[in-house]
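*Asks:* So the sequence lines, in the order shown, correspond to chains H and L. Position one of the first sequence corresponds to residue 0 (numbering that gives the first Met the number 0), numbered consecutively onward. Position one of the second sequence corresponds to residue 0 (numbering that gives the first Met the number 0), numbered consecutively onward.
These aren't lab readings, by the way, just hints derived from the structure by calculation. Mixed in with the good hints there might be a few duds.
When chains are identical, the list treats them as one kind, so a pair holds in a single copy or across two.
[Said to hold, decoys possible] In the SDA-like style, the derived pairs of lysine to any residue whose C-alpha atoms are separated by at most 20 Å in a straight line are:
hint	residue 1	residue 2
1	K136	T373
2	K136	D61
3	K60	A232
4	K340	E47
5	K446	D205
Number of protein chains: 2
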Amino acid sequence: MADKDVLLHPGLDKAAGEEFLQEAFQIMLEEGLRKGRDVSEKVCDWKEPEQLQQILDLDLKDSGEPRERLLERCREVIRYSVKTCHPRFFNQLFSGLDPHAFAGQLITDMLNTSQYTYEIAPVFVLMEEVVLKQLRKLIGWEGGDGIFCPGGSISNIYAMNVARYHRFPECKQKGNWELPRLAAFTSEECHYSIQKGASFLGIGTDNVFLVAADENGKMIPADLEKQIHQAKAEKAVPFFVNATCGTTVLGAFDPVAEIAEVCARHKVWLHVDAAWGGSALVSRKHRHLLDGIERADSVAWNPHKMLMTGLQCSAFLLKDSSGLLQRCHCAKATYLFQTDKFYDMSYDRGDKTIQCGRKVDCLKLWLMWKANGTRGLEQRVDRAFAYTRYMADEIKKREGFQLVKEPEFINLCFWFVPPSLRGKEGSIDYTLRLGKVAPTIKERMMKKGSMMVSYQPRGNQVNFFRQVVTNPAVTRADLDFFLDEIERLGKDL
Amino acid sequence: MADKDVLLHPGLDKAAGEEFLQEAFQIMLEEGLRKGRDVSEKVCDWKEPEQLQQILDLDLKDSGEPRERLLERCREVIRYSVKTCHPRFFNQLFSGLDPHAFAGQLITDMLNTSQYTYEIAPVFVLMEEVVLKQLRKLIGWEGGDGIFCPGGSISNIYAMNVARYHRFPECKQKGNWELPRLAAFTSEECHYSIQKGASFLGIGTDNVFLVAADENGKMIPADLEKQIHQAKAEKAVPFFVNATCGTTVLGAFDPVAEIAEVCARHKVWLHVDAAWGGSALVSRKHRHLLDGIERADSVAWNPHKMLMTGLQCSAFLLKDSSGLLQRCHCAKATYLFQTDKFYDMSYDRGDKTIQCGRKVDCLKLWLMWKANGTRGLEQRVDRAFAYTRYMADEIKKREGFQLVKEPEFINLCFWFVPPSLRGKEGSIDYTLRLGKVAPTIKERMMKKGSMMVSYQPRGNQVNFFRQVVTNPAVTRADLDFFLDEIERLGKDL
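Model the full assembly from the supplied sequences, consistent with the hints where possible.
*Replies:* So, in structure tokens, the structure goes:
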């Protein structure tokens with residue numbers, strides 16, 4: 000058939016496509032959502048990489064496959080994936096599935112547009128502003144600016160870049176060579192994206208001064224002051240302080256108000272990495288944890304974690320209302336941000352980022368918020384705190400369980416001391432043996448598929464579990480199961 | 000109710016949630032997909048920002064809204080959004096909706112996991128490798144490395160960072176201050192992310208040397224050589240050359256093989272930004288456009304554009320098999336990339352990126368590929384070329400239409416010269432008036448909702464249309480309509 004005749008008919012079968020979609024949707028509901036949330040089903044049907052490779056037959060070939068085989072593939076993908084919506088999934092800082100957020104995600108995917116201009120995303124340009132404004136309001140800012148980013152790491156790295164540009168706008172053209180050596184400050188408990196950002200931005204990890212944290216994992220403001228003096232003595236220019244609200248392991252909150260004092264004294268940009276802890280701002284009962292955050296210059300906050308918005312939903316928020324973010328990142332591409340459009344071009348917001356195409360991340364959060372209201376979200380946050388409180392109390396009652404510290408947030412960090420080690424704290428190989436307990440129990444629960452929880456060492460503390468519950472579908476029965484199961488899996492160790 | 004009693008029951012109504020999802024899905028199909036692909040419906044129901052703000056009532060409140068209102072909100076969001084799957088949407092470098100890719104996206108969203116470790120994303124860790132390997136195979140590489148990124152801009156910026164690290168690994172710790180001034184090279188027609196990347200990485204836009212392009216928009220290798228000498232004369236160290244395969248406006252392909260010669264001579268990293276043009280590699284008929292790409296050190300390729308995978312799906316591909324990407328970006332967080340896991344930890348790939356949480360972008364491409372096979376995707380690519388060929392021929396036949404240049408790829412760039420300007424090329428205000436034609440026609444089509452196409456100026460060429468057809472649902476009737484409609488909307492200008 001000649002080229003022009005090919006074009007007489009569509010190259011896509013709409014009806015067959017829709018039928019496939021309907022079927023895939025039902026499989027997703029049945030295999031993913033219903034089984035995924037059923038405690039009698041496995042959190043994950045664990046297979047070793049080589050074995051899974053064989054089962055899945057992933058290789059891509061010249062010819063396509065028939066409908067039935069493709070639907071079976073959908074089932075397989077779901078079957079061997081981790082069910083993060085399972086009530087016994089406690090492994091990450093996210094879990095559960097909110098139906099409204101998920102519906103928002105479906106619609107986002109179908110509309111498949113990019114967030115850069117009003118003409119291509121009219122609803123989402125307006126919606127993003129409203130959602131970001133609402134988040135800023137919870138921080139305590141009236142004005143301000145912001146943008147959704149592909150994850151909290153990139154939000155943190157944006158903060159560092161904007162802080163640099165704010166202090167040394169010539170950097171955009173000239174690069175770091177024309178600048179004095181810069182110094183960034185963050186606590187030793189911070190998220191690794193601060194280090195990654197320093198490398199990426201050409202600042203270097205050697206120029207990240209690590210501030211000491213106290214025994215609860217909180218930055219010590221006096222040490223921050225000391226590090227700033229140290230940097231100045233080394234002829235470096237302090238330009239960026241990162242305070243963390245909700246550290247990854249312990250869930251600690253740096254004392255933002257005190258840190259803000261130090262920053263004000265030294266005229267240094269204060270960024271708050273509240274990717275994890277930011278959602279506590281929604282709770283009138285718990286928002287005090289972030290006291291002082293309104294004094295920050297910028298904040299990173301990931302609703303996809305505690306608020307259950309679904310990956311990715313990460314807000315980078317700025318106090319500045321002067322267009323700093325735009326000036327810092329803009330390139331003014333004439334084919335996208337034309338200056339002779341027929342509408343108010345200030346609605347074309349895409350030049351605020353280093354991305355070009357940018358996924359729409361606001362609809363899922365907006366729809367979920369409309370469905371629950373701020374008070375509904377608050378209940379969810381309070382519920383998460385209640386889980387942790389309950390667990391901490393239970394742990395104190397149970398033999399062999401030992402809290403790493405009293406939880407300040409919803410990170411429940413604890414050791415399980417198996418019977419053979421109890422009362423042997425003084426013995427020579429105690430910590431060595433204790434450090435192997437969590438990995439072994441983790442291996443057993445994975446292979447059994449009964450639940451998932453994370454563990455890690457911290458400084459000179461050997462491996463301990465970090466359990467996090469954000470999924471409101473979880474009940475006390477799941478929490479009790481969790482502790483019982485740890486005992487069952489670890490009793491012979 | 001006391002905290003612990005609250006926890007006796009789930010805080011989420013599963014049945015109601017599933018019901019809402021079912022209904023939202025049907026609305027999405029009806030309002031989005033069916034109407035969205037129906038040529039008798041509008042591409043976009045255009046409203047000015049203030050008006051749309053009023054209609055949508057976006058503000059977030061304390062209390063939630065009832066089910067019916069939320070479903071109505073879903074309808075509204077769809078109604079006032081642009082239908083990028085509409086057969087008369089020609090505005091961006093993406094369009095259309097592939098049912099298999101979309102099904103893959105749905106499943107991805109439901110599983111809601113992050114791509115960093117094997118334990119949390121077993122299927123997707125393996126799948127990402129297979130898909131990236133297949134893309135590399137099409138480039139002509141046997142080994143190699145890579146990762147999916149949140150968009151082509153970030154892929155390009157990764158390339159620049161990896162090139163810097165490859166040459167000066169000390170940069171990661173020390174920052175740019177310990178390095179000589181660096182020089183990057185790209186053509187004046189390149190994507191703006193190269194400039195954005197230079198700023199972001201602390202290199203500075205002044206250190207991006209713009210290489211001249213010929214009248215077809217292709218980089219002139221002799222000028223690249225000249226610019227490299229110039230940079231060296233200025234004591235800068237050439238470390239990165241970006242060649243573009245498929246420029247944004249003209250769709251031009253830089254002569255990669257010749258550029259590779261220059262890079263080899265000067266030992267400079269060659270990156271190919273094939274975000275747009277990469278998909279031509281799938282076509283045996285058209286892949287010659289990228290001849291020489293196998294000599295590149297890295298490639299950016301966005302299947303979410305021409306292959307219709309849905310935003311976002313952007314691959315950053317490397318020739319290196321030594322772990323360069325990992326060494327460049329890793330931070331070795333002990334709470335995520337534990338070194339005492341029970342499985343082969345080389346499957347934990349998340350430390351290759353600067354992100355922490357990372358969306359799964361591979362399933363949609365994989366499922367679409369399984370459904371169509373490489374040959375099916377090839378047909379789609381060939382069909383896109385056929386659209387453009389047909390249109391270019393039609394344009395030559397029609398009075399008042401004028402090609403900016405013969406299309407090399409699927410960017411159809413042309414002016415519409417309205418009757419009042421025909422034959423007046425010599426008149427004093429000809430270009431001024433011609434430059435206003437495209438914006439006016441664009442305004443009219445937007446307000447009418449009949450179609451969408453982009454326009455832009457380029458150098459001293461005034462505004463011209465850039466039409467791109469990637470959506471296989473488009474037929475010749477839609478293409479004829481497009482030209483007729485331009486005539487209708489512009490005949491009085």
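*Asks:* Each of the hints needs a verdict: does it hold here or not?
*Replies:* The hints, checked one at a time:
1. For the identical chains of this complex, K136 and T373 are intra-copy neighbours only, at 12 Å inside a copy versus 50 Å across copies, given an alpha-carbon limit of 20 Å.
2. Taking the shortest Cα distances, K136 and D61 sit within 20 Å of each other only across copies (13 Å), while inside one copy they are farther apart (54 Å).
3. Taking CA atoms no more than 20 Å apart as the test, K60 paired with A232 passes in neither setting, with 62 Å inside one copy and 50 Å between copies.
4. For a Cα distance limit of 20 Å, the shortest separation of K340 from E47 across copies, 12 Å, qualifies, whereas the shortest one inside one copy, 55 Å, does not.
5. In this homomeric assembly, K446 and D205 never come within 20 Å of each other (Cα to Cα): the closest approach is 41 Å inside a single copy and 55 Å across copies.
Hint compliance for this structure: hints 3 and 5 are broken, all remaining hints hold.
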